[in-house]
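Construct the entire structure; sequences and hints are all you get.
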Amino acid sequence: MILGIDFGISTTDVALLENCRVKKTFFIKPGALKNLEKAIAKNNINLSTIDHIALTGDKTKQKNMFGKPIYRVPELKAIGFGGAFLSKYKNALIVSMGTGTCIVSFKNGKIKHVAGTGLGGGTIVGLSHRLVGENEASNLGSLASKGELSKTDLTVKEAIGSGIGLVPGSATASNLVKPHKVKKATLALGIQNMVAETNAVIAALAAKKEKHDKIVFIGKTCQFPMVKKVIKRVLAYYGPTPMFPKLGGSGTAIGAAAFQGNCFK
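Residue numbering for the sequence shown follows my numbering, beginning at 11 and increasing consecutively.
Rather than coming from a laboratory, the hints here were simulated on the basis of the structure.
All values reported here derive from a predicted model rather than from experimental measurement.
Built from N, CA and C at the ideal position, the CB exists for glycine as well.
Treat the hints loosely; a few may be bogus.
Quick list of in silico lysine-lysine cross-link-like pairs, DSBU-like style, CA-CA up to 30 Å [as the list claims (entries may be wrong)]: (1) Lys100 with Lys87; (2) Lys188 with Lys219; (3) Lys156 with Lys39; (4) Lys100 with Lys156; (5) Lys238 with Lys156.
Distance ranges between label pairs, derived from CB positions [to be verified]: (6) Gly119 with Arg243: 29 to 37 Å; (7) Lys34 with Lys98: 17 to 25 Å; (8) Ser148 with Glu168: 31 to 39 Å; (9) His123 with Lys69: 16 to 24 Å; (10) Lys98 with Ala183: 19 to 27 Å; (11) Ala183 with Leu57: 26 to 34 Å; (12) Lys193 with Leu57: 31 to 39 Å.
Rendered as structure tokens:
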């Protein structure tokens, strides 16, 4: 069995693979290795059954962990192979939306870094903490579902009277531009909408550049219900088909383990 670990900025994600099948995933807040070891035990993973550990996002130079050999997987490979493994696609654009966003092209096992943005879950939580007074992701997800986007964003139709080019009149002309006071739920939705729209448009352009007609979204930011909804809406304007794998929140940790486990024969 292989343990894949992704040391992210906001969370440490863990994935257990056996014979190239995901057996378990979980995450904890970043911290000392002893906390990770406790979490592994709490999730009923017996370290004696682990053959080796695949790390990504690790900044240390240690050669083993918990008495097991370490194999370091470059983060771009972990992202690309994670999205490909979960989607079963041989060719696709993989978008990892975590604290920030990273976009890679996956073509028959070849990885190419295409783009990235500083907008992601970190933006949503950070801005929401300052403007809404809430920084728990689960609460922000449910709060945004009660918001009214028309109270914060200016649509293309409002700006010029109709749609233009590829986008309909209902598309956003400007995010968070309306000056009047709004409820917290509406502001939370506006923030999530801005992050989702921006990354969706950039992903669409990247897919066109790399000649991909499929885009796989992984990372915990995609688990915000409104983020996923907005991405689907925006990509409907531009053509590429989005996919959100069931275990996408742990996609990079899964990708590290799947790559090290040679699961792409």
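Unmet hints by their number, sorted upward, for this structure:
Result: hints 2, 4, 10, 11, 12 break, sorted rising.
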